[in-house]
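Quick note, the sequences are listed as chains A and B, same order.
The working numbering puts the first residue of the first sequence at 1, with every later residue one more than the last.
The working numbering puts the first residue of the second sequence at 1, with every later residue one more than the last.
None of these hints come from the bench; they were simulated from the model.
Incorrect hints may appear among the rest.
Computed cross-link-like contacts, SDA-like style, restricted to lysine to any residue with a CA-CA straight-line distance of at most 20 Å [said to hold, decoys possible]:
{"#": "1", "chain 1": "A", "residue 1": "Lys248", "chain 2": "B", "residue 2": "Val114"}
{"#": "2", "chain 1": "A", "residue 1": "Lys248", "chain 2": "B", "residue 2": "Leu526"}
{"#": "3", "chain 1": "A", "residue 1": "Lys248", "chain 2": "B", "residue 2": "Ala121"}
{"#": "4", "chain 1": "A", "residue 1": "Lys248", "chain 2": "B", "residue 2": "Gln80"}
Where chain A lies over chain B, by a calculated footprint (3+ residues, C-beta under 8 Å) [unchecked claim]:
{"#": "5", "stretch": "99-106"}
{"#": "6", "stretch": "240-250"}
{"#": "7", "stretch": "420-430"}
To give an idea of the interface, some chain B residues facing chain A are shown, with a C-beta separation under 8 Å as derived from the structure [as the list claims (entries may be wrong)]:
{"#": "8", "residue": "Leu58"}
{"#": "9", "residue": "Arg85"}
{"#": "10", "residue": "Gly89"}
{"#": "11", "residue": "Gly90"}
{"#": "12", "residue": "Phe96"}
{"#": "13", "residue": "Val114"}
{"#": "14", "residue": "Arg116"}
{"#": "15", "residue": "Phe149"}
{"#": "16", "residue": "Ser324"}
By construction, the Cβ of each residue, glycine as well, lies at the ideal position given by its N, Cα and C atoms.
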Amino acid sequence: MLVAAFIAKRLALLIPVLIGVSIASFFLIRLIPGDPVLLIVPETATDADIAAARERLGLDQPIPVQYLRYLGGLLQGDFGTSITTNRPIATDLAQRLPMTLELITFAMLLALAVSVALGVYAARRLNRLPDMLTRIGAIVGNSLPEFWLGIMLILLFYQILGIAPAPTGRIGSDFAVPTVTGLITVDTLLAGRWDSFVNALSHLALPVVTLAIVISAPMIRSVRASAIEVMQSDSYRCAAAHGLPERKLVNGYLMRQTLGRLPALAALVFGNLIGGSVLIEFVFSWQGLGQWALRGLQVRDYPVIQTFVLVTATAYVLVFLIADIVQAILDPRVRI
Amino acid sequence: MSAALLDIRDLKVSIPTPQGIVEALRGVSLHVAPGEVLGVVGESGGGKSMIARTLTHLLPYRAQASGSATLSGTDIMALQGEALRQFRGGEVGLCFQSPRAALNPVRTVGDQLVDRFRAHAPGDGLKRRAIAALAAVGLRAPETLIEYFPHQLSGGMAQRVMIALSLSCNPRLLVADEPTTGLDVTLTGEILDLIAAQARDGDRAVMIISHDLAALTKVCDRLVVMEKGLIVETGATRQLITAPQSPYTRRLIAAVPDVTTRRTTSPESRDGETVMTLRDVEVRYPARFGGKPPPALTGVNLDIRTGDTIAVVGESGSGKSTLSRAIMGLLRPTGGEIRFRGHTLSAMRFNQRRGLRRYMQMVFQDPFDALNPRMTVEDIVSDPLRLTEPDAARRSAAIDRVLVEVGLDPSYRTRRPHELSGGQAQRVGLARALSIDPELVVLDEPASALDVTVQAQLLDLIRRLTERRDRAYVMVSHDLATVRALCDRIVVIDAGRIVEQGATEDIFTNPSSPKTRALLDAAPRLHVDAR
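For reference, chain B alone in the conformation it holds in the complex (with noise of 0.2 Å):
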């Protein structure tokens, strides 16, 4: 083993909290060597964004933290005033989370990197190096971006952006914490690889904290699996997937959607009644200021039938949403027709749309966004049974029968979303919306917001709904492995365009369009070969 330019040892980081103290992380040990990638991987809870904030002393009020952080002979925990600031951006480059938040909202994006030049290495041509630190990272047209504001800029730039701001004064380590929260399957990999690209010239050194154990193998020589503040397992990369030690090793990669996966049911539904179609459906948002944007969604033919399952699949941006609120009648098409129960949705104004809302439901992204904090998860479900159903003994009936049916044992309905983990959470979104019987569901990324584990167990209860084949179900995603499993058709859906639909295993097999096989390949998978 080299020298270690980043040695941690037997640190622990304890959180006050009004519910008491919070043992974040219990004693960990981890190296980093020049040149190396480490990957940390664990969920959330585990304690991983941790290790990052204590490198750059930005723990939680009032936290205390113990042990040895050393970054080539450098004392990190002892490092305070000037020094600290000297090492922070200088010898460490934290990579934050959702680059949206952690860049500045009111400077542009040349300003940013030139107030870290100033801080480290003052001196002439600032502007000329912020577009060449721009450049290194792969952005076009550095000249024009530096004077962009940062929500000026799509997701996969803002990521890049923030990747130069932590290089700009070129740290020996990069710290990149959940660097790809937030970006779609094409996007994650560019970023790793460009993140990892930084060890690979030298003595510089490279931390990626994530909970995507499938996207960190694909670049990282090593990886530490964190559970509850501990290092469970450690290891070259190869070794930890294909012979895993921890039981809880086992079950993060048990958990990694299996793209070979295939649907166990035949697709035989095809002769279910319709329920809805879409016929050459154009919709396009108002602009602002004059001028014709391109339409958010355009030319989109669709039939939906009981006992269909059909995954709209895109990278983010591609129309994807839209196509799903247009569906839920939230939107009106400026073209085409939408036509639900022998109604034309797409023609009715909002409050006549809004009668056919108990035919048609939908599960949100986040559910804790989409469920009142406020409110028991008893209020939370019988919300929409009120609508069909007065009598309040049998609503009540329903309830229970509905939770069971999720998979949540009927205690829960005193609850309040506070007190439910993320699956759970999911699972009452679930209830909320099959408690009238629907006879559409969409489903918007259900399980995208959830830890790994809990999204396999809540992609299979998914499934299992599905293949009753009672009502219809629209699955929005942007990972055609989780879909593989779930769905009897597959609609591809790229700038606003359907490029491709079709039987799910036609389109594995034989994909016409290159976006679809662009989403193929960039679908996570465990790489064992790659090192």
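The following block holds chain A by itself, in its conformation from the complex (with noise of 0.2 Å):
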């Protein structure tokens, strides 16, 4: 019952959190140089053409009206019209919103499952080779441009090696499956096609152990200290010096109250990826949320970057309400 009233009440927050930031984007955003309209009319319009397209826009207007619009739109699940291809935002998000998501989850869960079984790994082998490498590799996968990274995995399993997939999408044009809830690894078990699933799921691979490897390295760290700090407290040793055996020691005792320190962190660096796949989704020719914001970017498509900022500010919020919940289960001190 506390926890539902917990959730109800961050879930609560979440209104003021993204009225918020819906008017910073909304007014930052025309601070920007640069004029939508002149992109999208023909080269040879008049002044009167550009007027009337600015009107259609409903741009003429002023930017606090326009932003009551926008309010308004929202409120009944209108997120506008893209300014340059003149799509509802709502079936670019539904479109694009899941193979972000799908990539950066997997991405995510590959990580975790990383930095805890190799921070722990070197944590209990301290100072000796397993550690060192595990340190070594840490940074290294920190200072890796990740589009460098995604270029010479391409050019290792897909040119040399060839055991994967070309860059060019999330699944072969053979395997192509109707979309249901956007998730391709989902959408292909819906259909049935085991085919597609695998074949998907190839398509998935590089991109994700690509992101996985940046991402890591910072959680590889904090597991891998916290861990240190474990071993080192007296609630490990007096177990220890109890007699525990030593596969209660790492389960019960290690493992326990490391893992507890993760879900912050975690939830920072998945929120980060929200915004920050973009590269890799170029890479990779993902058709995922990064491109689509980069392209509303450049050509000042403000509906297009509102709904961008809105949906990475309610991920933030979702995201670390989970971190929270998890936190909370993992160790009984923290309240909810």
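Bring the two chains, given one by one in their own frames, into a single complex with the hints.
And the structure:
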């Protein structure tokens, strides 16, 4: 019951956050030099044509009026229409958001598994070879530009070894399935096409691995540091001094206490990924949210940018909510 | 002498540190017989804990140990692998210092007990055994307690759980490392009795490691005194206390605060000017989820005058700290009135109260927590001085003056806290408080984090300062013995209420409240007739 109340309270917090974020993004992007209308009218357009286009888009109104109209639309679930493509934002969003979510969720899960395993492994072999290798690996992973890493992986696994599919989106054309959820792994399973599912996974593999390598680095370091701290703590030493077997020490004492510190960092990393996957999407021709937002920014497509900012803010709030709940499950001292 | 259960011969432990190799133990030999309670006493850094850590193979990283240690013939130093695991907990039960840190924060008390049963003596009815183990250490309602997490336990309960965990697998030797740290005097006695009782039933033995000589004399058959990694004296408790051979033992004995020491000056100062009055003060902390918690402080009346030295005495959790925070204006009472220098402190906002800070200062319990490690002594002491003395040269002179006043050479100005001993650091804390010549100084257990011999010196300094009677001192303490020699008046506080207040000697000769009597009985003293 308390958990339900806590979740309700945090979700209610979304309302002021989103209003604040929408105001800030709405007014700030209009401060950036550049006029979207000039980009959509033909080069031969007269001043009258431009004024007509401006009026059609509602951009001739005072900015506060434009905002209230926008807000009114939002309340009815209408994100507006793209200035440059004339497509409803909601349609684009429904198509692109799942693609990005799928990519970064898989990357996050992989990175979590890798960083917990490697971080704890390294900590248990403190200052020995495996620990040093992990530390060096983490630093290298942290310093590699993700687009470069992506290209190198493509070069190796597609070009040279030929075991990965071409970086051309998320499924081979022979394996296409009808879109239901927008999540390709789910849709292929829903369609009952095992071969499509495998194909989708093979397309996911390289971008997911690339992202996971980059985001694992800070998490490995954090897990390793927490695990070292736990192993030097009195509670761990006490359990060892009372003769608990190794497996119990690692699972019941080391892991539980180490994991308790991970959710907050993981949430931050995940939040960053939502806006930060654009380079990877570009390298792997992934038609996700990042590419969409980047193009929107380049052509000053106001509704696109506004929606992107709103989606990112919502995701941050939700991800941190999940992280807090997970943390409370892992650590009885945390009350929610 | 009966055959020893534990036999340690010429044990040496050296620990490499960035500052060079530390010889923690320099050839220690001792033995414990079955049924015996051995006390190992000494000040911090004496190497006491290294003995416990050697017995459980928990020495610090890269530490080197040599010598021999056997427990009924088992060579402890040679143990490894599964034999070591069985030995730890099964043969030697180590009871850790500060149980709150040593209990696993994410597992319930019951699960932690069951973990240990499974490791050493698996079988049926583990939950029932866990309940029985908790009941055996005197915990009430053990059926509910097994569902508790460590953070839900009080300090005394946590220590009992710790003991239950150490005993859970029937070790032949129970080693308790500073088992009473952080416990108040009444609890200290109870916990030591419980630990010592483990040796009374047959062939088990107990080793208690502590800096608290007075507490050890109450329960130990034999004492080992350690200084700088060496045993300087060993003997039966009575003999060692009545006829100490080594100068270090004599110093330890002399440092035990004596309940019979009285304040030398008479409390004639009651005509001093009133600095602060508290009328019917109540403090309630906000509840987390609905419900109304009992007040942390209620119905408190107190007058503080210039020249007064008032002791606020109570057990932990009684409301002492809340009272000192209310006096310092660090929290706002939820009821009643506090007046200071003609201002109604209790009605003022935080920012307005801050303006009055220059007239009141506080000295904290742990000097290393209270001093900024990045600042030099000079910066630390001059920090509050900036409020009152804009001129740098005069400020500098004032720093020298106040350092001398607290017994520190002015050459210490350039040092940082880590270059100071505990006693020196607390003197700096005192100097910081006195630098701006406050009218009221609150001392929160100023000596309790220090080693006993240093404690005596610091309390002596405080006594000399208070005897000048130029300002008011409020000293918070759980220990009646130390305040007897220091304070004119004692305020005994229990469960948020003042249960007794009066002149120090009246309280000692004629305590009216049962709480006061309990505190007086629990006061540390050397027991030479107990055994």
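Here is what the structure says about each hint:
1. A/Lys248 <-> B/Val114: Judged against 20 Å, a Cα distance of about 11 Å means the pair holds.
2. A/Lys248 <-> B/Leu526: 44 Å, violated
3. A/Lys248 <-> B/Ala121: Satisfied, since the Cα-Cα distance of roughly 15 Å is no more than 20 Å.
4. A/Lys248 <-> B/Gln80: 18 Å, holds
5. 99-106: Contact hint for the stretch 99-106 of chain B vs chain A: holds, 6 residues under 8 Å.
6. 240-250: Not satisfied, violated; 0 residues make the cut.
7. 420-430: violated (count 0)
8. Leu58: 6 Å, holds
9. Arg85: It holds, given that the least Cβ distance between B/Arg85 and chain A is near 5 Å, below 8 Å.
10. Gly89: 3 Å, holds
11. Gly90: At 6 Å from the nearest chain A Cβ, B/Gly90 passes the 8 Å test, so the hint holds.
12. Phe96: Interface hint status for B/Phe96: holds (5 Å vs cutoff 8 Å).
13. Val114: Violated - the Cβ of B/Val114 stays beyond 8 Å from chain A, reaching only about 10 Å at its closest.
14. Arg116: 5 Å, holds
15. Phe149: Constraint on B/Phe149 satisfied, holds at 4 Å.
16. Ser324: 27 Å, violated
Consistency with the previously given hints fails for numbers 2, 6, 7, 13 and 16, ordered from lowest to highest.
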